[in-house]
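All chains, full assembly: derive it from the sequences and hints.
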Amino acid sequence: MAPNAPAVDDRVARPVEPVDVAHAVPERHPLRWVATVVVAVLAAQLIHMLVTNPNFEWDVVFQYFNTESVGRGLLTTLKLTVIAMAVGIVLGVLLAVCRLSSNWLVRLLAAVYIWFFRGVPALVQLIFWFNLSALMPRVSIGIPFGPEFMQWETNALITPLLAAILGLGLNEGAYMAEIVRGGLMSVDQGQTEAAQALGMSRTRTLFRVVLPQAMRFIVPPTGSQVINMLKATSLVSVIALSDLLYTVQAIYNRTFQTIPLLLVACIWYLVITSILYVGQSFIERHYARGSNRNTPTRFRDVLKIRRKPVLPTVEVPS
Amino acid sequence: MTAADQPLMSARGVRKHFGPLEVLKGVDLDVHPGEVVVILGPSGSGKSTFLRCVNHLERIDGGSVTVDGELVGYERRGGRIHRLSERRIARTRRQIGMVFQHFNLFPHLTVLGNIVEAPAGVLREPKAEVVKRARALLDKVGLADKADAFPRQLSGGQQQRVAIARALAMRPKLMLFDEPTSALDPELVGEVLATMRDLAADGLTMIVVTHEISFAREVADRVIFMDAGTVVESGTPAEVLDRPANPRTRAFLSRFLPTGEPAA
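These protein sequence lines are chains B and Z, in that order. My numbering numbers the first residue of the first sequence as 1 and each following residue consecutively. My numbering numbers the first residue of the second sequence as 1001 and each following residue consecutively.
Any given hint could be a false lead.
Beyond 10 Å from chain Z on every Cβ pair, some chain B residues (computed) [stated by the list, open to error]: (1) 48; (2) 60; (3) 97; (4) 138; (5) 284.
Label pairs and their in silico Cβ distance ranges [stated by the list, open to error]: (6) 43(B) <-> 1127(Z): 53 to 61 Å; (7) 1131(Z) <-> 27(B): 49 to 57 Å; (8) 1021(Z) <-> 106(B): 23 to 31 Å; (9) 186(B) <-> 1086(Z): 20 to 28 Å; (10) 188(B) <-> 1142(Z): 25 to 33 Å; (11) 1127(Z) <-> 154(B): 49 to 57 Å; (12) 1127(Z) <-> 128(B): 46 to 54 Å; (13) 1088(Z) <-> 155(B): 47 to 55 Å; (14) 189(B) <-> 1211(Z): 17 to 25 Å; (15) 188(B) <-> 1145(Z): 23 to 31 Å; (16) 1127(Z) <-> 115(B): 39 to 47 Å; (17) 107(B) <-> 1142(Z): 45 to 53 Å; (18) 1127(Z) <-> 106(B): 29 to 37 Å; (19) 136(B) <-> 1021(Z): 50 to 58 Å.
Don't read these hints as lab results, they were simulated from the structure. In this text the structure is predicted, and so the values were computed from the model without any measurement. Where is the CB? At the ideal position from N, CA and C, for every residue including glycine.
This is how it looks when you write it as structure tokens:
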């Protein structure tokens, strides 16, 4: 504004008292203090109950926590989780790609698979696979409606472990397919076009361009699925596969120490879940690479940062 | 016709429709080696769609596109025209570079990773050689120090220059620019145009869809004006921009050159 506009200038030119907000009094939250006290009292009650209630039988919990049979059950649970999840993820990626295919037959088959395996409860599928021999006593390879080259007894082929892997893995594949499909669709179409314009094949575009970007959207729900799977493996106790739950059940059926042994199982499930949770956050950080303007963090870099404080102590004294 | 006269890109009667909407109604265009052709036209005139037909990102409904003597997306076999497989089309596309309005850099790869990906992965050239070439290209577009940055850490103009380097790394015979400066802040347009000017000076064959009239005037060997799915006017920048014969061209240009231009 021109300097000869007196009315306005007067007001602007009035000296302003200097203010520095750096030492402002912080906002008070009295209700938070009340809530904290209430939660603390409740927590104290809970801990008191855990410690003093003799029905928990903590001595029994500790007695069985590290036993060999529980360890073996835990290993079976972990093995089953890893294998069934691996089957589920591979199937899921394949099915997701099929659902997005340009071939209608492939699209239809994938849709039917997902419809069926999501629609039938995992428990029913488990029992079904376990009892497959009742449906077809023998399995063979040969020419359709013609001679058979090889054949097996279904009962010998489908062990409880294989039934469990099939039941849980095939079911998981259907869920993973939808998760992967959602992830693939979240990647901008321009990425595919850029890859095509560079002469990349469809497969290469998928694995080098689209899938790595989709991972950011695939990993969090997959983490939930892994935890679900860990717990869903407890279903296999119905087909007499000795996983963690089946093992503790076998013990308390003998000793009638139901609560403490279930606690053993609970604590182990929670321990594994916690480890998985940490692993997931590392994987998420890896795939967040380049997704914002901050310094990129790679899996390797995170490890490096964690290791740094240790380095000086490793120095060899000369 | 001698080899030198043969056009590098030749479009004949290219037609394309999206549903009931006819976007291209028979486009003819020849681009000769070393030529810079700028396509102007109002939005919706089909110029971007035409560009995407040249490297078969869009399948054409009629006519033909030939690049370096080869049909794009099809082949003549036994007196009939057959559609090529995805794999063969991908091979054709390797000779044609494309720069997009929204850059479309791969955000999960570093700048260097973006440039190296296709030559190393698709052409299977030795990695060390490709990296060397990529660094030289980054130097050429003035971003030698950004090799290890991720795309989202760069400005729009820098991203677009990386995208140009990425396309050049395939050593294309022909470069397509689809409104390369339309998504940029005004102060960043200049750096991208300067890079493109350098490429034109190097003798690269380029087809550029743009709204930058000054770039067309300065750099283009030929200016094409498209409207409603056809080529309305074609000629040297002086002919099309200063003495447009067609009323539609005049109407379009009048929005860019409000006063003082000799409007015939």
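Each hint, compared with the structure:
1. 48: 51 Å, holds
2. 60: 51 Å, holds
3. 97: At roughly 14 Å from the nearest Cβ of chain Z, residue 97(B) sits farther out than 10 Å, so the non-interface label holds.
4. 138: Label holds. Min Cβ-Cβ 42 Å, cutoff 10 Å.
5. 284: About 13 Å separates residue 284(B) from the closest Cβ of chain Z, which puts it past 10 Å; holds.
6. 43(B) <-> 1127(Z): 53 to 61 Å: Since the Cβ atoms of residue 43(B) and residue 1127(Z) sit about 58 Å apart, the hinted range of 53 to 61 Å holds.
7. 1131(Z) <-> 27(B): 49 to 57 Å: 54 Å, holds
8. 1021(Z) <-> 106(B): 23 to 31 Å: 30 Å, holds
9. 186(B) <-> 1086(Z): 20 to 28 Å: With Cβ atoms ~23 Å apart, the hint holds.
10. 188(B) <-> 1142(Z): 25 to 33 Å: 27 Å, holds
11. 1127(Z) <-> 154(B): 49 to 57 Å: 51 Å, holds
12. 1127(Z) <-> 128(B): 46 to 54 Å: 50 Å, holds
13. 1088(Z) <-> 155(B): 47 to 55 Å: 50 Å, holds
14. 189(B) <-> 1211(Z): 17 to 25 Å: 23 Å, holds
15. 188(B) <-> 1145(Z): 23 to 31 Å: 27 Å, holds
16. 1127(Z) <-> 115(B): 39 to 47 Å: Given range 39 to 47 Å: holds, Cβ gap about 45 Å.
17. 107(B) <-> 1142(Z): 45 to 53 Å: Distance hint for residue 107(B), residue 1142(Z) holds at roughly 46 Å.
18. 1127(Z) <-> 106(B): 29 to 37 Å: Holds, since residue 1127(Z) and residue 106(B) (Cβ atoms, about 35 Å apart) stay within the stated range.
19. 136(B) <-> 1021(Z): 50 to 58 Å: 55 Å, holds
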